[in-house]
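Asks: If you want the building blocks of each chain, they are given just below.
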Amino acid sequence: MFPEYDVIVVGAGHAGCEAAASAANLGSKVLLITMNMQTIAQMSCNPAMGGIAKGQIVREIDALGGYSGIVTDKSMIQFRMLNKSKGPAMWSPRAQSDRMLFASTWRTMLEQTENVDFYQDTVKGILVKDSRANGVITGLGHQIQSKTVIITSGTFLNGIIHIGEKNFGGGRISEKNATGITEQLVELGFESDRLKTGTPPRIDGRSLKYSAMEVQQGDEEITGFSFLPVNTIKASEQLPCHITYTNKEVHETLKKGFDRSPMFCGRIEGTGPRYCPSIEDKINRFAERDRHQIFVEPEGFNTVEIYVNGFSTSLPEDTQYEAIRKMPGFENAKMFRPGYAIEYDYFPPTQLKHSLETKIIDNLFFAGQINGTTGYEEAACQGLMAGINAHQKVIESEPLILNRDEAYIGVLIDDLISKGTEEPYRMFTSRAEFRTLLRQDNADLRLTEKSFRLGLASQERMELVLAKQKGVEEIKTVLQSYSLLPAEANIYLKKINSAEIEEKQKTMRLLLRPDVTLPEMIEEIPALRERLHSFSRDIIEQAEIQVKYERYIEKEQELAQRMSAMENALIPESFNYDKVSALSAEALQKFKKIRPRTLGQASRISGVNPSDVQILMVYMGR
Amino acid sequence: MYTDSWNDTIIALATPQGVGAIGVIRLSGSKAIEIVNTLFVKKDLSKQASHTLHVGILKDMDAVIDEVVVSLFISPHSYTGENVVEISCHGSAFIQQKIIDACIEKGARLAKPGEFTQRAFLNGKLDLTQAEAVADLIASNTEASRKTALQNMRGGFSGVLKNLREQLLKFSALIELELDFSQEDVEFADRTQFYELITSAEQITRNLLQSFKLGNVIRNGVQVAIIGKPNAGKSTLLNTLLNENRAIVSDIAGTTRDTIEEVINIEGILFRLIDTAGIRTSDNEIESIGVEKSLEKMRNADIVIYMFDCAHETKENLLHEQEQLTSACKNHLLIGNKLDLMNADDIIKKFDGLDILFISAKEHTHVNLLKKRLVEEVVTGNIETENVVVTNARHYEALQKINDALIDIRKGMDNKIPGDLIALDIRRCLHYLGEITGLITNEDQLDYIFSKFCIGK
Chain A
1 MFPEYDVIVV GAGHAGCEAA ASAANLGSKV LLITMNMQTI AQMSCNPAMG GIAKGQIVRE
61 IDALGGYSGI VTDKSMIQFR MLNKSKGPAM WSPRAQSDRM LFASTWRTML EQTENVDFYQ
121 DTVKGILVKD SRANGVITGL GHQIQSKTVI ITSGTFLNGI IHIGEKNFGG GRISEKNATG
181 ITEQLVELGF ESDRLKTGTP PRIDGRSLKY SAMEVQQGDE EITGFSFLPV NTIKASEQLP
241 CHITYTNKEV HETLKKGFDR SPMFCGRIEG TGPRYCPSIE DKINRFAERD RHQIFVEPEG
301 FNTVEIYVNG FSTSLPEDTQ YEAIRKMPGF ENAKMFRPGY AIEYDYFPPT QLKHSLETKI
361 IDNLFFAGQI NGTTGYEEAA CQGLMAGINA HQKVIESEPL ILNRDEAYIG VLIDDLISKG
421 TEEPYRMFTS RAEFRTLLRQ DNADLRLTEK SFRLGLASQE RMELVLAKQK GVEEIKTVLQ
481 SYSLLPAEAN IYLKKINSAE IEEKQKTMRL LLRPDVTLPE MIEEIPALRE RLHSFSRDII
541 EQAEIQVKYE RYIEKEQELA QRMSAMENAL IPESFNYDKV SALSAEALQK FKKIRPRTLG
601 QASRISGVNP SDVQILMVYM GR
Chain B
1 MYTDSWNDTI IALATPQGVG AIGVIRLSGS KAIEIVNTLF VKKDLSKQAS HTLHVGILKD
61 MDAVIDEVVV SLFISPHSYT GENVVEISCH GSAFIQQKII DACIEKGARL AKPGEFTQRA
121 FLNGKLDLTQ AEAVADLIAS NTEASRKTAL QNMRGGFSGV LKNLREQLLK FSALIELELD
181 FSQEDVEFAD RTQFYELITS AEQITRNLLQ SFKLGNVIRN GVQVAIIGKP NAGKSTLLNT
241 LLNENRAIVS DIAGTTRDTI EEVINIEGIL FRLIDTAGIR TSDNEIESIG VEKSLEKMRN
301 ADIVIYMFDC AHETKENLLH EQEQLTSACK NHLLIGNKLD LMNADDIIKK FDGLDILFIS
361 AKEHTHVNLL KKRLVEEVVT GNIETENVVV TNARHYEALQ KINDALIDIR KGMDNKIPGD
421 LIALDIRRCL HYLGEITGLI TNEDQLDYIF SKFCIGK
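Chains A and B, in that order, are what the protein sequence lines are.
When we follow UniProt numbering, the leftmost residue of the first sequence carries the number 1, and every step to the right adds one.
When we follow UniProt numbering, the leftmost residue of the second sequence carries the number 1, and every step to the right adds one.
Note that these hints are calculated values from the structure, not bench results.
In this text the structure is predicted, and so the values were computed from the model without any measurement.
Keep in mind that a hint or two might mislead.
Quick list of in silico lysine-lysine cross-link-like pairs, DSS-like style, CA-CA up to 25 Å [stated by the list, open to error]:
#, chain 1, residue 1, chain 2, residue 2
1, B, Lys229, A, Lys555
2, B, Lys170, A, Lys555
3, B, Lys362, B, Lys229
4, B, Lys411, A, Lys555
5, A, Lys84, B, Lys416
6, A, Lys84, B, Lys411
7, B, Lys106, A, Lys555
8, A, Lys548, B, Lys170
9, A, Lys555, B, Lys416
10, A, Lys419, B, Lys170
11, B, Lys112, A, Lys555
12, B, Lys416, A, Lys495
13, A, Lys86, B, Lys170
Partner residues are not named here, just some residues of chain A that face chain B (Cβ under 10 Å, in silico) [said to hold, decoys possible]:
#, residue
14, Ala53
15, Leu82
16, Ser85
17, Met90
18, His292
19, Asn302
Covered by chain B, according to a simulated footprint, are these stretches of chain A (three or more residues, beta-carbon under 8 Å) [as the list claims (entries may be wrong)]:
#, stretch
20, 429–441
21, 528–539
By construction, the Cβ of each residue, glycine as well, lies at the ideal position given by its N, Cα and C atoms.
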């Protein structure tokens, strides 16, 4: 009933969907297996994509030819560019999504992708022969053969849901969990551990009084996620979000449920993320704060369901219900479903190679929460990379590995593999050494060509990149060569309260002033308008960033270059660390476990001293 | 895997630290020849062939540093595969440091341990067998230096550096908070708070720079103050150690009016011996000045030798002296002199339970043991060791970079540049601090943020 596939993807969340899409678009025959065809690309937690550091990742996924950016653009209900007041490295796109539209758009796009087959079933185990994965066994007993397998199990592996004193097996509320895979992998020599995450209650929007809350509108201009032209909503069609706050009364009410809290009573063993604490955790750890901010987010255009962002909880339903009604605007709130915590299995990611293939079993790849990450964006980018690298494995080619100075995706995977993680790993811009290089505006310039060469990014994408590069150069040439006369520039300078010029000055020099912007100059100075009006908004912005922040970009490039010699120094996979007697005991143990791919990676492993790396370097064969 | 992306030029002393007839300083990097050329008088080194020797004078500004022989090795025909210059100079630590300082000023950077070999390896100049041979050498050194580093970390890790580290960590965490968590409902630090942190960090760095004055120890050696009551035999000991009569020696108490400093070399380590005027209160004005100087010298010394006359010292007084030295955090040795005038058994009985080395300065008895003890004090790391001499230069260089970065940060704040760009300079700052105290990772910053602020939706 089943042909032999090139790639089987287990799980159809953000990681699984990107994995299936990228492998199939590269030419692999893909089977996407999910327990429920109706829940493909569910947003299990908040209905939003992007945000600080995460928005950059979505832009990178898009630049590489993934679908997440396009799907988000097609299904958003609100768009904001965060951190616009800071430098361009911090500008971060974020969208509120229509949860149902998001999922259905994903499914439609996958159905329209050649080479993707679907099957609804549970996967019970992986077919392994000679330490090599070659298919899966399903709950219905099918043995399906494939050259590679990608596991994207999310929170489903031995998932346990906690609400107050109740707990039961489940992968998401009202959905079964998956058993068997963890047990088999542990038998094969894998290490597994438990993590925890949580989600807030969902509320009936008709029962809320929005006039008692602050309004948060979307941006006046929607720039979106995809570098391709995608139809998205008009700015005027956006839905607002609202902000309310907890108060002492809410906190007191919540505290009444503490003795029945699975967190405080020790029923939850898994580690939760510090940056996404439950509301009970917040009031417990920050007892001095008498209020916490709560975002009230609509789940879509065609539903009244509301997501209460910031109110994640696993307290008993009655406590949740009672407490939430003490918040301004929530006095009459009706609950659709309670919040809950979920514990699930993950496999410490130090057991992976940079390709996301496991070290123990060949042709087996992991992506998403199974690797200890949290977040749709983190999962999606791993899925994309696992899909690409599974395909590369099938065609016996080199994997695509992104470096830390090339992409947040590179930072994420290298962090996971070199350092592991003990709490759900989320991306922050501070994790990237070269934040100024890894901007959302240049993700296409950084990555599209790499993907195009593999055969994933389309001709259309590549042509857009080339046009952008050409346009930016043309604009920079004008800025460098054209001098503005005082008569041309001063009207504008006076308008923005910037010092007027007395002699003619290169446009470039004026642009370096902090308060001067290129779009304004083009608008206000006819001589520039004449020369630059034909360029699109994003090309003008790109040229402006490159000019204004050149000094900082260069500083980082210099640092990145200094590191590259170490990053390019490959350590042979078979390297025998035991013969290097001078290594410290800790370094020896870590090196043997993690088996760093390069000297650069070796130097980032925690507990490894510079001297260990130097010793290694000298011993290392080429 | 030939790579030429190392674009900075490194420098280090290639011969062992200490006193020898000549010393060799090696530079490697694209600017090695250019840097030496700016100091070298007579010839234009950039026009010379590879593998040639050139005699000449090194001048810094107009001051002659030394007469040297310069060997040129042009890339790729050198040990590291880069341009390499070796300067053979005279074997004085002072001169060598001057040359290194001058080259650093012209753009070289002090090499890290094993860095020449690292470059040679990365540039494909060493194969596995060669590399292994070098590794054996390096490994032995690194083993020792790793131990010293660990000791530094556990024991005497300077509280000042810890403070600096904390200030900068706090600063960077507050900046990162504004960036990664700008959407959170937390209070962000205002610029005055940042300014205070930076000013305080700058102050610490400046103080450290002053206290770490490059070459202090290299030039001055380990400071050893010989103190004790008048007529305990301090000058005699000094003379014995020096084997020459520099200090005026007499039996009249108070003959040594001023401090006398002499440099001696024991097993390659320089000791600056400071004989002090006998410490006792005096009405004699000249002598009082001498006493004051003695106290000051003692305060600055790395090791204090408390010397006493076995016959005239009481155990009670000795315990008192020891307590004072301990409370002043001084590494000290108790030396009982004039062993020749007393019965050894009596002496041992008299000072039972105290760690004392008994000598006779006059008869040279046990002076060798004293020398050994001095070397041990240095080598076991009780005081800032020879390793710290090297590290010191490294610390100094790193601290200067930290200082530069701090100034950039402050300028950035003055110009109101966005936080992510200020963060770039902080990262530079933390990078160089990491070379002294170990890396501050972004996990440290996040730990700080999560412990202090309620983050997350």
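Asks: For this structure, which hints from the list above don't hold up?
Replies: As far as the earlier hints go, 1, 8, 19, 21 are violated by this structure, in ascending order.
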